[in-house]
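Chains as they are written, first to last, in my numbering: chain A, 3 to 133; chain B, 3 to 133.
Calculated from the structure, these hints are not laboratory results. Since we're looking at a predicted model, the values are computed, not measured. Check the hints yourself; a few may be wrong.
Since copy identity is lost for identical chains, a pair holds within one copy or between any two.
Unchecked claim - Computed list of lysine-lysine pairs in DSS-like fashion (alpha-carbon distance at most 27 Å, straight line):
| id | residue 1 | residue 2 |
| --- | --- | --- |
| 1 | K49 | K70 |
| 2 | K49 | K80 |
| 3 | K49 | K38 |
| 4 | K38 | K70 |
2 protein chains.
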Amino acid sequence: MQIDAVNGESQTQHSHNLVASDRVEGTPVRRANGEKIGTIQRLMIDKFSGNVAYAVLSFGGFLGMGQKHAPIPWARLKYDPMLGAYHLELTDQELNRAPATAAGEEFDWGDRSREIDIHNYYRVPPYWGAY
Amino acid sequence: MQIDAVNGESQTQHSHNLVASDRVEGTPVRRANGEKIGTIQRLMIDKFSGNVAYAVLSFGGFLGMGQKHAPIPWARLKYDPMLGAYHLELTDQELNRAPATAAGEEFDWGDRSREIDIHNYYRVPPYWGAY
């Protein structure tokens, strides 16, 4: 199987613009200095447009306890081959204030006002267009 | 965790337009008569636009041998709650003629002419716009 950009694509291999969902899942998220913030748990996809709306970041906790899930607008994450991770410049304090749920709970995706909060927090335009 | 539409959303639960990538992975694909064609293996996502380009359909084979992977344009698949599956009306013959690779091989995503073949085969406009 060809190595994808997410896991460090070599120059000799065929480069392409597609990435597999099961490669993104489990990919670390790091600050520019290499510190690991967390891991991508899954992607949330808009059924109608087929757009990736969020990457759900799993972070915090210890031995699986107290872990949180924060939906990050997909537009806000950039894969950095040098880091071997998605790059997100967020301090621990900012991360703790970010819209999130406990790992076992489902985010209230049906509540658009909560989705607007997320996009305001990360200062990116919403995936569904203007609000 | 809230049950998502992919696994049969109950009417009492909060409905929303997002579906998790790890729920789509493993979801069956069936004909209208209920016959199972195969299973969604993964999604292929356009890194730049954030659009889901393909669902990779795993089909055929026996005991893991001879299985094939066919990229289906995401626009071509519709989730059908009655079927509990994505609906795709394709005969066995059509399926065997569809652009596909052996399960262990990577599709040549970098070759746009092969991607055009896929979209012509399924008669849907390409995810990257006009060609």
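Hints, one by one, checked against the model:
no.: 1; hint: K49 to K70; verdict: both (25 Å within a copy, 26 Å between copies)
no.: 2; hint: K49 to K80; verdict: both (23 Å within a copy, 9 Å between copies)
no.: 3; hint: K49 to K38; verdict: between (31 Å within a copy, 22 Å between copies)
no.: 4; hint: K38 to K70; verdict: within (15 Å within a copy, 37 Å between copies)
The structure is consistent with each of the numbered hints, conforming to all of them.
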